[in-house]
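Guided by the hints, dock chain B onto chain A, whose structure is given.
Just so you know, the protein sequences line up as chains A and B, in that order. Counting along the first sequence from 1, when you hit position 337 you're at 337 in the UniProt record's numbering, and nothing is skipped either side. Counting along the second sequence from 1, when you hit position 127 you're at 127 in the UniProt record's numbering, and nothing is skipped either side.
What the hints contain is simulated information worked out from the structure, not anything from laboratory work. Glycine included, each C-beta is placed from N, C-alpha and C at the ideal position. Possibly wrong hints are sitting among the right ones.
Claimed, not checked - List time: in silico DSS-like cross-link candidates among lysine-lysine, alpha-carbon distance up to 27 Å: (1) B/LYS87 <-> A/LYS327; (2) B/LYS87 <-> A/LYS323; (3) A/LYS326 <-> B/LYS87; (4) A/LYS327 <-> B/LYS342; (5) A/LYS326 <-> B/LYS318.
Claimed, not checked - Per the computed footprint, the stretches of chain A lying under chain B, defined by three or more beta-carbons under 8 Å from a beta-carbon of chain B, are: (6) 186-194; (7) 298-309; (8) 316-323.
Claimed, not checked - Heads up, incomplete: computed chain A residues facing chain B, CB under 7 Å, no partners named: (9) SER32; (10) TYR150; (11) ASN157; (12) SER158; (13) GLY225; (14) SER269; (15) ALA272; (16) ARG273; (17) TRP289.
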Amino acid sequence: MSDDIFITEATIDGESDGPLAGKQVAIKDNISTDGVKTTCGSKMLADYVPPYDATVVERITDAGGTIVGKTNMDEFGMGTTTEMSYFGPTDNPAAPGHVPGGSSGGSAAAVAAGAADLALGSDTGGSIRCPAAFCGVVGIKPTYGLVSRYGLVAYANSLEQIGPIAGTVEDAATLLEVIAGVDERDGTTRDPPQGDVAYSDAADGNVDGLSIGIPTELLEGAEDGVVDAFWDGIEQLESQGATTHDVSLPSVEHAVEAYYVIAMSEASSNLARFDGVRYGHSGGFDGNWNETFAAGRAEGFGDEVKRRILLGTYALSAGYHDKYYKKAQNARAWVKQDFDSALEEADVLASPTMPVTPFELGESLDDPLQMYLADANTVPVNLADLPAISVPVGDADGLPVGMQLVGPAFGERQLIRAGSALE
Amino acid sequence: MTAQTVQQGDLVTVIGLEVHVQLETNTKIFCGCSTAPADGPNEHVCPVCLGLPGALPVLNEAAVEAAVKIGKAIDATIPEETRFHRKNYYYPDLPKNFQITQYDEPICQDGELEISLEGERHTIAIERAHLEEDPGSLQHVGGSIDTAEYTLVDYNRAGTPLMEIVTAPDFRSPKEVRAFLAELEEVLEYLAVFDASRDGSLRVDANLSIIDGERVSDDGSIELADLEAANRTEVKNISSHKGAEKALAYEETRQKNAVRRGREVEQETRHWDESRGITVSMRSKEAEKDYRYFAEADLPPLRVAHWKDEIAIPELPKARRERFASEYGLGEEAASKLTSTKQVADFYEDVASEFDPDLAATWVADELLGELNYRDMQITDIEGRLEEIATLVELVATDEITAKNAKEVVLRGMLDERDDPETIVDREGLGKTDDDAVQAAVLEAIEENPDAVADYEAGEGGAINFLVGQVMQKTGGSADPGDVNGLLRAELE
Numbered sequence: 001m002s003d004d005i006f007i008t009e010a011t012i013d014g015e016s017d018g019p020l021a022g023k024q025v026a027i028k029d030n031i032s033t034d035g036v037k038t039t040c041g042s043k044m045l046a047d048y049v050p051p052y053d054a055t056v057v058e059r060i061t062d063a064g065g066t067i068v069g070k071t072n073m074d075e076f077g078m079g080t081t082t083e084m085s086y087f088g089p090t091d092n093p094a095a096p097g098h099v100p101g102g103s104s105g106g107s108a109a110a111v112a113a114g115a116a117d118l119a120l121g122s123d124t125g126g127s128i129r130c131p132a133a134f135c136g137v138v139g140i141k142p143t144y145g146l147v148s149r150y151g152l153v154a155y156a157n158s159l160e161q162i163g164p165i166a167g168t169v170e171d172a173a174t175l176l177e178v179i180a181g182v183d184e185r186d187g188t189t190r191d192p193p194q195g196d197v198a199y200s201d202a203a204d205g206n207v208d209g210l211s212i213g214i215p216t217e218l219l220e221g222a223e224d225g226v227v228d229a230f231w232d233g234i235e236q237l238e239s240q241g242a243t244t245h246d247v248s249l250p251s252v253e254h255a256v257e258a259y260y261v262i263a264m265s266e267a268s269s270n271l272a273r274f275d276g277v278r279y280g281h282s283g284g285f286d287g288n289w290n291e292t293f294a295a296g297r298a299e300g301f302g303d304e305v306k307r308r309i310l311l312g313t314y315a316l317s318a319g320y321h322d323k324y325y326k327k328a329q330n331a332r333a334w335v336k337q338d339f340d341s342a343l344e345e346a347d348v349l350a351s352p353t354m355p356v357t358p359f360e361l362g363e364s365l366d367d368p369l370q371m372y373l374a375d376a377n378t379v380p381v382n383l384a385d386l387p388a389i390s391v392p393v394g395d396a397d398g399l400p401v402g403m404q405l406v407g408p409a410f411g412e413r414q415l416i417r418a419g420s421a422l423e
Numbered sequence: 001m002t003a004q005t006v007q008q009g010d011l012v013t014v015i016g017l018e019v020h021v022q023l024e025t026n027t028k029i030f031c032g033c034s035t036a037p038a039d040g041p042n043e044h045v046c047p048v049c050l051g052l053p054g055a056l057p058v059l060n061e062a063a064v065e066a067a068v069k070i071g072k073a074i075d076a077t078i079p080e081e082t083r084f085h086r087k088n089y090y091y092p093d094l095p096k097n098f099q100i101t102q103y104d105e106p107i108c109q110d111g112e113l114e115i116s117l118e119g120e121r122h123t124i125a126i127e128r129a130h131l132e133e134d135p136g137s138l139q140h141v142g143g144s145i146d147t148a149e150y151t152l153v154d155y156n157r158a159g160t161p162l163m164e165i166v167t168a169p170d171f172r173s174p175k176e177v178r179a180f181l182a183e184l185e186e187v188l189e190y191l192a193v194f195d196a197s198r199d200g201s202l203r204v205d206a207n208l209s210i211i212d213g214e215r216v217s218d219d220g221s222i223e224l225a226d227l228e229a230a231n232r233t234e235v236k237n238i239s240s241h242k243g244a245e246k247a248l249a250y251e252e253t254r255q256k257n258a259v260r261r262g263r264e265v266e267q268e269t270r271h272w273d274e275s276r277g278i279t280v281s282m283r284s285k286e287a288e289k290d291y292r293y294f295a296e297a298d299l300p301p302l303r304v305a306h307w308k309d310e311i312a313i314p315e316l317p318k319a320r321r322e323r324f325a326s327e328y329g330l331g332e333e334a335a336s337k338l339t340s341t342k343q344v345a346d347f348y349e350d351v352a353s354e355f356d357p358d359l360a361a362t363w364v365a366d367e368l369l370g371e372l373n374y375r376d377m378q379i380t381d382i383e384g385r386l387e388e389i390a391t392l393v394e395l396v397a398t399d400e401i402t403a404k405n406a407k408e409v410v411l412r413g414m415l416d417e418r419d420d421p422e423t424i425v426d427r428e429g430l431g432k433t434d435d436d437a438v439q440a441a442v443l444e445a446i447e448e449n450p451d452a453v454a455d456y457e458a459g460e461g462g463a464i465n466f467l468v469g470q471v472m473q474k475t476g477g478s479a480d481p482g483d484v485n486g487l488l489r490a491e492l493e
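Bound-form chain A, shown alone (with noise of 0.2 Å):
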């Protein structure tokens, strides 16, 4: 069943004790791990051996985790399936014959087959959150710059974040009490104002008094089925003491697009140093180097991945910039505004996390647009820095279904209490 989880099996032993004593943990292949290949699901990568660990590896390691494997992934996270990956698709546990979800879908396979206890995924877009509601566990998006990016192969930068996926609310907590916190290694990272990284004794169940907020514009599109099992949820939320109101995002129907246009004009810088020369697949070393540097290029990346890096470059570029890029950042900072305005009056936003059941396998590779906006619900989240987690609430003819929780930035521990509510 796992064969096609992982990327590489390799068992990297962790120390004797501390919280991930005994716990066995599966890393996402965008994740560098000393000596064990790296390939970020690409035939650029296919054969490279990084020479240095993530520092979230070092950090699972160091807290007595056991690293189990790589796990199969879209294309350096672009996807939305798992199918992207250059070493074919993985199979959902939960729902066999259809995709995992992506670009983590490796990880949460991983965890729903029973392959590893947790795993890490990364979430640029809805790439832990998508896979975890698909594959029925638990993914945690967490606030930008809560966890060190340091050894995470960049797909865009500005966006992305490490998050822990696992089978229940608490052990998904436990991880990102394992990872979080400042590392001196990437600028971005910052403590809680609030101080501690403390999340595994969040998850107590306790949301008597919590106030949600639904964002109407989410709940628009999605599948009845999810929406369904996304009201059976609100409805325990409220039978133990929430309390729920709509509240209005406007600036959502503009994300999709503005998180495209960013997220490909970043990796079509963050791709540029995939050239052959120190590492990854080479066009050679003979001829105009210009020429084989676009040679090696042609050949180590798939479609999906050419197709970004040149929508990207276009976007960027002099006389399309403001168009595209400005205007994108623009409505990132309109979408901020949007969430922090709307978390003003709520304690967490709930939504479904995929307006969608699970793809089957082969189902949407035509159709990359149908793709793209399947992320809906995801990516807005992203543009505006903040974190959320998904959690299973049922199913949808027997598909999985996952809820899905925004918290304000750094209220992790609001968001974990919540979650836990749910199981």
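Same frame as chain A, but now just chain B:
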């Protein structure tokens, strides 16, 4: 801006500079790798400066501090907040295929630097100065960039902090450019943020165009539209003051000749070929490069407001020159020479505090710097021996040795044989002869030269000089001629 008289039909040269200087920090700008010279290629490298997947830059505070010092020294505006951008282009020496630099919010804006040329002062406006990372270096094996068999890449240099200093098009001659570079280098060395002796630490790109003199107004200014209308060339690969003057003089002549012959100057990038002494065309009529600048999200905006006041800079060459003139009563030339480097100025002040400032000025500015210059040595080459020079000046000041011997024997011996002054004085027997020995020589001279004595007594003035010469010979030149004169006259009265 240079004021000058322009006659109709004159062609005026307009030059602007982009100067890259490496900042002297112990570690690179975005990682902990050493900036010291390495024993071999690719030794001072790590995941960050090699651009390995997942590595992130972290800003080195020392580089920011150096930039703030430079900003203060050139009277620039240092904004409360500054940030970094990515400049995207592919090149084999660039590990990430983008360079982290600053774009629309540089750390220094609107500064200036005053230069002095042939007794005239000019102010050169500095539009901006910003921080960025140096790329690696390429080694073309078996030829030049066009003809090499293959090319090797060395990333030791990658990530060395650079400051790019961009001037306004305020230069009207290659000589002014040379004076500016010398002044700039002097200031940077005073600030201790730059080491001129390091290979490749100064790199200059210059834009040069020729404007019809009629377009220059009386105060020397030129309308922006006129500047933009003139085709200019960008001259690259300049790495010294002298090289800048030569390259731009060549380019100035080339363009003026073209204009006089009615040919249009092509807008292009040209490469200064130092060994052949010419500029050669690299690429012409290219479209403006599109670097797709955008904000570097891995480095948060940098707030320098609170640093500005905490970072102090030392007295700069210009202020020090002025103070030397007023405090020590030195002329402009001596003051300039004595402030040419911070080490020279510091040394002069040490010596002047103990002896007569005039004597100290003569010895440091004329004798010492002259002898060093003759030997192609720098003041730093005698670092650690400055005490010895002070001893030498003291020997002269206290009349232990004559000025002539001090310079011709002792100083030269110190520089050529690396001996200390006392050793040379003893070895050469230069100590001024004691009074008894001089007195004995005086008596001897009188006894041995009755004719000269007779001439003296007959009132012939030249005779005393002959006798002085005899005494000096007997004392091996160590007696004071004035004293000898007095002693002779006393004996002969």
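Hints and how they fare:
no.	hint	verdict
1	B/LYS87 <-> A/LYS327	20 Å, holds
2	B/LYS87 <-> A/LYS323	19 Å, holds
3	A/LYS326 <-> B/LYS87	16 Å, holds
4	A/LYS327 <-> B/LYS342	51 Å, violated
5	A/LYS326 <-> B/LYS318	45 Å, violated
6	186-194	holds (count 3)
7	298-309	violated (count 0)
8	316-323	holds (count 4)
9	SER32	4 Å, holds
10	TYR150	5 Å, holds
11	ASN157	5 Å, holds
12	SER158	4 Å, holds
13	GLY225	38 Å, violated
14	SER269	5 Å, holds
15	ALA272	4 Å, holds
16	ARG273	5 Å, holds
17	TRP289	5 Å, holds
Violated hints, in rising order: 4, 5, 7 and 13; the structure is consistent with all others.
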